[in-house]
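K.L.:
What follows is each chain in one-letter form.
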Amino acid sequence: MELIHLTPSDLSIPALLVLALAALSWRLRLGVERQLLIAALRSILQLLLLGLVLNTLFSQRAPLPILALALFMLMVAGYEVMARQKRRFRGPWGIGIGTLSMFISSFSITLLAVHLVVRVDPWYTPQYLIPLLGMLLGNTMSGMAIALDSLTREAWQQRGMIEAQLMLGENWDQAIREIRRDALRSGLIPIINAMAAAGVVSLPGMMTGQILSGSPPLEAAKYQIMILLLIAVGTGLGAIVAVWIGSRRLFDQRQRLRLDRLSGG
Amino acid sequence: MGRLILRQFQGAGLEPVDLTIDAGECITLTGPSGSGKTRLLRAIADLDPRSGTALFDRQAVDETAPPEWRRHVGLLPAESHWWHDRVAEHFTGSGTRLLSELGLDEACLEWQIARLSSGERQRLALARLLDRQPAVLLLDEPTANLDPENGARVERLVQHYAEQRGAAVLWVSHDPRQRRRVGQRHLIIRDRRIEAEAA
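Protein sequence lines, in the order shown, are assigned to chains A and B. Residues in the first sequence are numbered from 1 upward in steps of one, following my numbering. Residues in the second sequence are numbered from 266 upward in steps of one, following my numbering.
Incorrect hints may have been included.
As the list claims (entries may be wrong) - Okay, the calculated beta carbon distance ranges per label pair:
no., chain 1, residue 1, chain 2, residue 2, range
1, B, A417, A, M161, 28 to 34 angstroms
2, A, R29, B, A277, 49 to 55 angstroms
3, B, Q273, A, D252, 19 to 25 angstroms
4, A, L71, B, A277, 38 to 44 angstroms
5, B, E344, A, A196, 41 to 47 angstroms
In case anyone wonders, no lab produced these hints; they're calculated from the structure. Just so you know, even glycine gets a beta-carbon here, dropped at the ideal spot from N, CA and C.
Given these sequences and hints, build the entire structure.
P.N.:
And the structure:
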């Protein structure tokens, strides 16, 4: 099957539909037309830019620029994890915990995948590395953010319960155990649901893309299986590390609950 | 047996204080709302940052593991919090003798926490603390939600406990008659300073 190329005039049809939606929003006084147009414009520019950057990277195949792009994606993901929390850790911990957990959940898992599963040579071949990393970052990011947000929010709300246990001589690990477990569960539930619904309710994005570009559906399914399993592992490992570091950071060396280390929210 | 010594001890918003509470002694503490009574108790239990040092049984707080310190120096906060569903799950021992001295039925161990009245919670929180047998008691208005009869039960139980186990007690109370009943010495917080309360 041949890939059908889209021309700018092809793209103008969905763009016109977005303009029509904006007009409808203005007519119905929904008040979202401005945001809608800006967001649409941003997605067009960002994706075109990414396409240009990837085009260049694919033709050059030099490891350094590829690694730089990968690190940039990682930093943005770490920032996103922090930005999605109501109560964040103050200082460098805020971005640090997010970035470290994204590194573990996505970076290392992607390297493992290109090295051991797909076995591309060299491992930094951008056609594989960048899309895989992007898939993992985008999908594990929400799991990390939900888990960390649940941890800090619950610790804030259940301060009395945590301190009551400390007062009776429990150690910090025991006092935060339930909250930590709940945080991990809530971080993992979306990917568990996604795996359970894959192919029945939803046709996952990667598989859709491969089928559209002409891959045999079964090959596309195999790639999708790999990516889903990797996302699950990445989300789990990353959330465990993030929640463990986060919960430790909630207590000082005298095992006092230090909510002053969180921002007010 | 427990003697608590504070040396140049300073909780948040308070001047440093030197204070010794002997084994079996009960000292009362009062002062206007917001003067720092609760903050002092929390600092002694090592729940808030502090400066200076506290010693229990000649061992300094900084040389003691935090959970061990808090098992010796037990704080009863004004408002109790519970983390399991049923009362009994919060006790390490049986607690039945303590309950009868507080006028509570043994059956209440099976009750749901959500069903407890504020007075029951307050008495059960004291029982939960004494059940773990701390050698120092820091009590933050332990009879605030109780009727006179149950208030008297709490006073008797704490006095009994202090005598029997030689526990040192620091008792925060707004009631001058209660302070005279339970304490041998009386302190008051005025302008961030902790001083003796005039009789």
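K.L.:
A separate judgement is required for each hint: does it hold in the structure or not?
P.N.:
Right, here's what the structure says about each hint:
1. Range check, A417 (chain B) to M161 (chain A): Cβ separation about 30 angstroms, and the 28 to 34 angstroms hint holds.
2. For R29 (chain A) paired with A277 (chain B), a C-beta distance near 52 angstroms keeps the hint of 49 to 55 angstroms intact.
3. Between Q273 (chain B) and D252 (chain A) the CB atoms are about 21 angstroms apart, so this pair conforms to the stated range of 19 to 25 angstroms.
4. For L71 (chain A) and A277 (chain B), the hinted distance range of 38 to 44 angstroms is satisfied, since their beta carbons lie about 42 angstroms from each other.
5. The given range of 41 to 47 angstroms is respected by E344 (chain B) and A196 (chain A), whose C-beta atoms sit roughly 43 angstroms from each other.
The structure meets every hint from the earlier list without exception.
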